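Enquirer: Residue-level listing of the chains:
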Amino acid sequence: MERYLGISSVAFGQTPLPLPLSVRVTRQAQLEPAASDADLYATSVQLTRPTIAAEVRIRDTAAPEGMSLGQKADLSFTIAPAQSGAPGRRVTLSGAVLVAVELAYEQSSLATATLRFVCESQDGQTDPFAAEEAQ
Amino acid sequence: MSTLDEVDLFSSGPHGLQVGAWPRERVRRGFAGLDGELVLDLGVRSRLLSHTGRLQAAAAAELDILISEIEAFADGQLHTLEDNRGRSFPRVLIEEFTTAGPIRCGRGFWCDYTIRFRQLP
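Going line by line, the protein sequences match chains A and B. Each residue of the first sequence is one higher than the last, beginning at 1 in the working numbering. Each residue of the second sequence is one higher than the last, beginning at 1 in the working numbering.
Some hints could be false.
[As the list claims (entries may be wrong)] Selected chain A positions facing chain B (Cβ under 10 Å, derived; list incomplete): (1) A29; (2) D37; (3) L47; (4) S84.
[Unchecked claim] Below, a sample of chain B positions facing chain A; criterion: calculated Cβ distance under 7 Å: (5) G13; (6) P14; (7) H15; (8) G16; (9) A57; (10) N84; (11) R87; (12) R91; (13) W110; (14) R118.
To be clear, the hints were calculated from the coordinates, so they are not data collected in a lab. Owing to the predicted nature of the structure, the values given are computational and were not obtained by experimental measurement. Every residue, glycine too, gets a C-beta built ideally from N, C-alpha and C.
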């Protein structure tokens with residue numbers, strides 16, 4: 001079992017997102033339960049098509065200030081292994097669309113930026129999420 | 001499990017039946033200067049049954065078959081519908097079969113549907 005500790009780098013297309021605090025990736029579908037008129041409990045739990053979303057928190061605000069909503073590029077990040085010598089992990093979210101930017105300027109701590117992305121599948125069949133061993 | 005002419009069309013997913021009341025048709029007549037009115041009772045007329053449910057299949061082609069099997073009963077002929085609780089509704093015809101939007105894909109393929117039956121007295 002590989003364990004990971006720390007984010008080595010994050011980039012949105014050609015734009016590096018420096019000083020990453022966290023990257024959160026969500027794969028989510030809406031729940032559509034149903035039951036017959038004689039049932040006490042749901043007998044059908046269907047799901048809508050899933051969306052893959054990501055939230056990136058970084059300490060840098062300069063890069064996000066220059067980004068505009070609707071921009072689309074591959075979001076990629078590399079996470080470092082917890083044990084030395086073990087391979088890291090590189091995650092790519094292809095077709096990530098920037099849907100929200102939140103800049104937080106604090107009084108006595110470092111400013112942070114939160115960027116939210118939702119992925120568009122290229123052809124409707126390809127999973128935008130891909131993870132592999134980092135080289 | 002509901003059936004139509006004892007054919008299992010709906011068991012791929014949950015479904016339910018909303019039964020409308022038997023309406024009576026009447027004609028009302030009023031006359032100038034006279035209080036009251038004349039009501040002619042014309043008798044019981046047909047009622048509507050609304051059957052809603054979900055069709056589910058592992059493949060889109062299987063779901064198409066389930067849909068076409070239901071559509072085959074929209075033939076203008078009278079059939080007998082039996083609902084989940086064993087109640088029998090004779091002399092029903094399918095007036096309209098509609099799916100709620102396109103086929104959806106999640107855990108397999110599925111679509112919600114509504115069938116409007118008309119039951120003759």
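Enquirer: Hint compliance check: list the failing hint numbers for this structure, sorted ascending.
Expert: Those not satisfied are hints 4, 9, 11, 12 and 14.
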